[in-house]
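A.B. asks: Take a look at the letters that make up each chain.
Protein chains: 2
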Amino acid sequence: MEGELLSALCTPALVVDVDKVKRNAQRMIERCQELGVQLRPHMKTHKTIECADIMTGGSRRSIVVSTLAEACFYADHGFDDILYAYSVPFDKVERCAALSERLDLFQVLLDHPDALEQLKKRPLRDGRQWHVWLKLDCGNGRAGVLHSDPEAVRLAQAITEAEGVQLTGVYAHCGNTYNCKGVEQIQAVAQETTSLTLQFMEKLKAIGITCKSSIGSTPSCSHPVKDMAQLSEVHPGNYVFYDVQQSLIGSCSLEDVAVRVLTRVIGHCPHRNQLLIDCGWTGIRLLSMTQEHGRVEPISGPLDYSKYPLGSLLTLIPYHSCATAMMHPVYHVHSEGRLLGKWTPTRGW
Amino acid sequence: MEGELLSALCTPALVVDVDKVKRNAQRMIERCQELGVQLRPHMKTHKTIECADIMTGGSRRSIVVSTLAEACFYADHGFDDILYAYSVPFDKVERCAALSERLDLFQVLLDHPDALEQLKKRPLRDGRQWHVWLKLDCGNGRAGVLHSDPEAVRLAQAITEAEGVQLTGVYAHCGNTYNCKGVEQIQAVAQETTSLTLQFMEKLKAIGITCKSSIGSTPSCSHPVKDMAQLSEVHPGNYVFYDVQQSLIGSCSLEDVAVRVLTRVIGHCPHRNQLLIDCGWTGIRLLSMTQEHGRVEPISGPLDYSKYPLGSLLTLIPYHSCATAMMHPVYHVHSEGRLLGKWTPTRGW
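Protein chains in written order, with full-length UniProt numbering: chain A, 1 to 349; chain B, 1 to 349.
Hint data in this document are derived by calculation from the structure and do not stem from the laboratory.
Model, not experiment: these values are computed from the prediction.
Wrong hints could be hidden among the right ones.
Remember, identical chains collapse to one label, so a pair may be satisfied in a single copy or spanning two.
Stated by the list, open to error - Cross-link-like lysine to any residue pairs, in silico, SDA-like; alpha carbons within 25 Å at most:
#, residue 1, residue 2
1, Lys120, Tyr305
2, Lys44, Trp281
3, Lys307, Pro150
4, Lys212, Leu99
5, Lys342, Ile299
6, Lys342, Ala69
7, Lys307, Arg154
8, Lys120, Ser306
9, Lys120, His131
10, Lys44, Gln291
11, Lys212, Glu161
Start from the sequences and build out the full structure, keeping to the hints where you can.
C.D. replies: So this is what it looks like as structure tokens:
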């Protein structure tokens, strides 16, 4: 199919505009260079080798992953300095140990003393150390020890003191930027997360502990605040594709969105003023969806069906590209509408 | 892992109770035999060979699929008499033709004269005929020509008269049973769909057209009405797994649900009275989910965290098993909690 037009694809199909991907990646690289902070891009949105190469500028170093399946996939393809930024699951300690013993630098994350105990029970071979990030909750309200909880400092200390374990850094995810509208609100959350993280680093310093610090989220890293320069790293991920949600938040413009779902009209429903398309919830979010069908309605007025004959191609912009990409076993990559090839993501956990 | 307990699995994991699958399948087979109607089970929920073998009683004949990827997957594994029950997409006519020329009986579906034109433009080789089902909308409001629309009869006639094409049957999906609560409501919708379909068959008969008829949906086929005996076929699919939604509708009891998502506690959040588990929207629907995290809250009162130490296994019953199964690249099959092996579904379109 190489060299053919997008319309040659069977639908539904996830298509990736490689020029936009490269531009989004390059802009983030430059933004971090200007800020003087290390970029550790997150792989969860695309889960492919090709896109990881673009995000790391070909270095195959310094990435974050959300599943152990991703960690193994990237390790198998020569990537290193991998942070598995997910509260280390107790059923996967042995597989984490194997990666720690195999790679130059494999890093795990935790937010509970019981998790630290699990690591201590499995000392690494060859004098290696567990590299551990402490997950801090700076107001996002998902994983992490609450920044104000005295337990957070105690846990950092326990990690530092544990045999065979070292505290690599403090990690905060400002997913609460997803509730923002506009740059001002994004930067307020970015500022708060940064300030709380830096205050926490000061608390650690006061008891003689120094380590890295990292915050992340696509909105905050698309519009960084100056204080983020005092962090060691940032770890955004979605920015490489962006999506409608990110454009509504204000992280990007709609033109920056690098992915589309191609779908075709498969039904006319004049008695309901609707079109039926060949893309259901295994494709993308629409007016309403079932497994393999999407219902499309005009915003107002009657549908002019003559404009949308059966078989006509519609192009949808994903609301949440992580979720949409997850539904597709393969992505079709193009430049200016000409197909270049396919990217195959890893799946599972 | 064979012979091991479910707790040996890394999570999240979709587990299938093969005894319940066999029981659900057998009950549907018997129900259809008693009714005297041909069962043509739908594969969309599981998309695996093993489960298709159970649903067809090993015959590998007479199935429905929702994607062409499924059609090819089953054809490659020796299945035949396959109905691709999806308004024939214009970009897939050539692949449908190839299957029609390769299998003993490959059947397509349409609901628009333009689709018929597409088939006529691609006559089958070796004197073969396109086997076409006409999709009728009997109140479900998704695909299909509205049963009361004179166009429906005209389209049936056009299919009959077209060169190289034959009208195999009339197909109605009573997905509107999903809005029902209880057997009485289910049977009212089943009765209405059956009556409207049979009335339509009479209209066809009056102009000299005879062909098969089929209705389907798990609720209606779990509680069939007597008149369904007058149909040629039924085509339910979800019943082999069932789910919470089906139990709320009244199709089954919760004990009949054959699938579970295993997940582990990965975080304690006492400041929010929540647990964090290792299963997000790539796993199953919960209180709230992000990509790889689910938030679990007690229905009332404070959470007793000592009952749920980090790493403890939770078993979730899927709300919609089709959607949950879709997220898992592999299913773990067990009998009475002992692992028997894995089933690998097909994906894509």
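A.B. asks: Work down the list of hints and note, for each, if the structure agrees.
C.D. replies: Hint-by-hint comparison with the structure:
1. Lys120 <-> Tyr305: Close across copies (23 Å), not inside one copy (66 Å); limit 25 Å.
2. Lys44 <-> Trp281: So Lys44 and Trp281 pass the 25 Å test inside a copy (20 Å) and across (13 Å) alike.
3. Lys307 <-> Pro150: This pair counts as between: shortest inter-copy Cα distance 24 Å, intra-copy 63 Å.
4. Lys212 <-> Leu99: within (21 Å within a copy, 58 Å between copies)
5. Lys342 <-> Ile299: Neither: 34 Å inside a chain and 46 Å across chains, both beyond 25 Å.
6. Lys342 <-> Ala69: both (20 Å within a copy, 17 Å between copies)
7. Lys307 <-> Arg154: between (65 Å within a copy, 24 Å between copies)
8. Lys120 <-> Ser306: between (68 Å within a copy, 21 Å between copies)
9. Lys120 <-> His131: For Lys120 and His131, the Cα distance is within 25 Å only inside one copy (12 Å; across copies 65 Å).
10. Lys44 <-> Gln291: both (24 Å within a copy, 9 Å between copies)
11. Lys212 <-> Glu161: within (17 Å within a copy, 75 Å between copies)
Going through the hint list in order, the structure does not satisfy hint 5, though it satisfies all others.
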